[in-house]
Amino acid sequence: MGLSTFKGGIHPYEGKELSMDQPVTELMEPAGDLVYPVSQHIGAPAKPVVAPGDHVLVGQRIAEAGGFISAHVNSSVSGTVKALEKRLMVNGSRVLSIIVENDGRYDAVPGMGEHRDPSSLSKQEIRDIVKDAGIVGMGGAGFPTNVKLTPKDENAIDYCIVNGSECEPYLTSDYRMMLERPDEIVGGLKIMLQLFDHAKGVIGIEDNKPQAIKVMQERVKNEPRISVQVLKTKYPQGGERSMIYAITGRKVNSSMLPADAGCIVDNVDTVISIYRAIAEKTPLIERIITVTGDAIKKPCNFRVRTGTAYQELIDAAGGFKEEPEKILSGGPMMGQAIFSLDIPVTKTSSTLTCFIKDEIAREPETPCIRCGRCVSVCPENLVPQMMMDACEQRDVDEFEKLNGMECIECGCCSFICPARRPLTQSFKEMKREVGAKRKKEAAKK
Amino acid sequence: MKMLNVSSSPHTHLRSFFGHPEPNDRTRDIMLDVIIAMIPTSVYGVIQFGLNAFLVLIATVAACVLFEYWFEKVHHKPLTVGDLSAVVTGMILALNMPPQIPLWIPILGAFFAIVVVKQLFGGLGQNFMNPALAARCFLLISCARFMTNYSSPSFGFDSTSSATPMAALKAKQGVDLMSMFIGRVPGTIGEVSKIALLIGAGYLLIRKVISWRIPVVYIATVALFSFIFGSQNLSYVLGEVLGGGLIFGAFFMATDYVTTPITPAGQIIFAVFIGLLTGLFRIFGTGAEGVSYAIILGNMISPLIEKSTIPVAFGRTKKKKEAAAK
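Chains W and V supply the protein sequences, listed in that same order.
Using the numbering used here, the first residue of the first sequence is number 1, and each one after it goes up by one.
Using the numbering used here, the first residue of the second sequence is number 446, and each one after it goes up by one.
Among the hints, erroneous ones may be present.
To be verified - Calculated cross-link-like contacts (lysine-lysine; reagent style DSS-like; alpha-carbon spacing at most 30 Å): (1) W:Lys431 <-> W:Lys444; (2) W:Lys439 <-> V:Lys752; (3) W:Lys251 <-> W:Lys131; (4) W:Lys428 <-> V:Lys653; (5) V:Lys752 <-> W:Lys428; (6) W:Lys123 <-> W:Lys7; (7) W:Lys251 <-> V:Lys752; (8) W:Lys86 <-> W:Lys439; (9) W:Lys281 <-> W:Lys200; (10) V:Lys653 <-> W:Lys7; (11) V:Lys752 <-> W:Lys431.
No lab work stands behind these hints: they were computed from the structure.
Note that the structure is predicted; figures quoted are calculated from it, not measured.
The shape of chain W in the complex, shown without the other chains (with noise of 0.2 Å):
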């Protein structure tokens, strides 16, 4: 039988020997001021509740959550709040941030890092904690965890998915996770099954990571509700979609909630902040980031305070090797490319890859031969080709009877084009637009 995977895919360069073997290196004294922007997930803008010259403790709430579906955000030092201003985001945008002046002390919250027994906690205490930490979905997306797990029927909820795959080329924070802290892996996960008591929990990992594999299948071995799920290496197999489809069977579109399939999926550095949350009393004030490229003197994997500066985390790898062309917050696949490095870590940042050269750069579009290679590597089963059209002539109607709106973003299909078509950059912008429509239709109504 072959390993558990999903229909399409592609499979790019993986480039994770680079950072893959480096063990995380602390980083945990950042030397300048720390940023934290009100909006590091999806939904409302955190409310800042700190004014300026307000001292702050490690772990202290700076701002709260601005709706229901929002996030709190906490200081990740001790010092003084300098000012509250708008300061310049991954995404390209300037956004308000509260930015806090490191009195080097850490001075922390009293009872911060202390140890409590999750199992004496009750199900409502459990989420009231995961929410006042703050902690959202560090995968990338930043959708607040404890939203996540109030589902609308919690029995009905047969899967805790610990996603593992860590499929977007070049990061390797995950996989360090899997290897040097396995426990809390698995702790975070036992949490989350206390929660829905029908739930078994997986944890996925794509058959490039042997050795994660072994530890993860090791330290689950007495877990009764725990296994390990191992799966085909192929682009996007972290996908949530192409998660929950692989491990089992089930299918979800745009229109549904993984939880409408009965599944939770988080993914492994967001499990490891439930298990902090709960059991060391510790909200979500770092993470780990893959500062990785060829651009990169010496490739690694750290552990940094959220709010850190971009540029201190490339100086700590030994600066540039040469000068980038490009830098990714993310990987090649999904990541933004960013013009500066006066960027703070957030909760969802995960890797810097630095390139030499920017490889899409130099190569011309040349005019589609229709090779329906793009219809072949897409997860969702769409016709990129067709909706490239769409995009072309500026057709919202034809792009959504197209199922436009399931496209993942990917990239499979811009990767495959011969003809190096901007497909998914396309679909980004026509999303957008059909978004903006659907919005607009809603109001009139």
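Let chain W serve as the given structure and place chain V on it in line with the hints.
Chain V alone, transformed into the frame defined by chain W:
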């Protein structure tokens, strides 16, 4: 620091990563694969049919490339000769020519293929008919006498010995399957040697330039049609499969990206459709052969097939239900 490039993801392409600075998956590389796949049958054709076959090949390819260059130059369009698609068209057209054809005929065909069918409709990717096939059909109608004369020095010039196996099958005569498989029969330059064609087809399949769907379904449909409406005789059915341009057409012409459906289900429907047409033309038509016409007609309904076979998106159920729910 110098300016950083910013663009929307993805930031990488197939086979263009470290150590592979030159991408080798572009349109040009696909065309090159198709050219390589046609080399065995071209070599066989030249060896069997001699000098004129060689000249036809050279002249047709050269004419296609020159017409494309000339047209784009005159109309100030970007020059696309480098993508090798004109070479592919030229080769397919030449391989569809009888071995003793006067050279001006394929050159006229090249003009029709490149200028009329391809460029006037907008160039690569825009033509709704396979240019080489359209040109062949055009020549079949306008120069029928030359186009159906398959006599050649290798088989003698009298009409009986130069009757193609297709004509023999039509007359319900027996055929020698082995020589049909190897190619020791009269026919067009590139269609005769099935073994050489299958080597090329295997290469295209391994390189994933084409999928099995259209060729396999097409050939199977023709075989079934021949069995039902022709004769319930294995050597007759095999003769229909190996005869004429079916193998060449199925692997090299019916798989043309531009003029066939892009959807997997559409490709199956397309293949069944042209299979039925081919069987119809061969068994009930006046001529002995029908592959070219069948594929051309298939090309014309491709957009229609494509529109009605858009796959159901992952996680979605049949469209109609959803529409009804709304």
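What hint numbers does the structure not satisfy? Failing hint: just 6.
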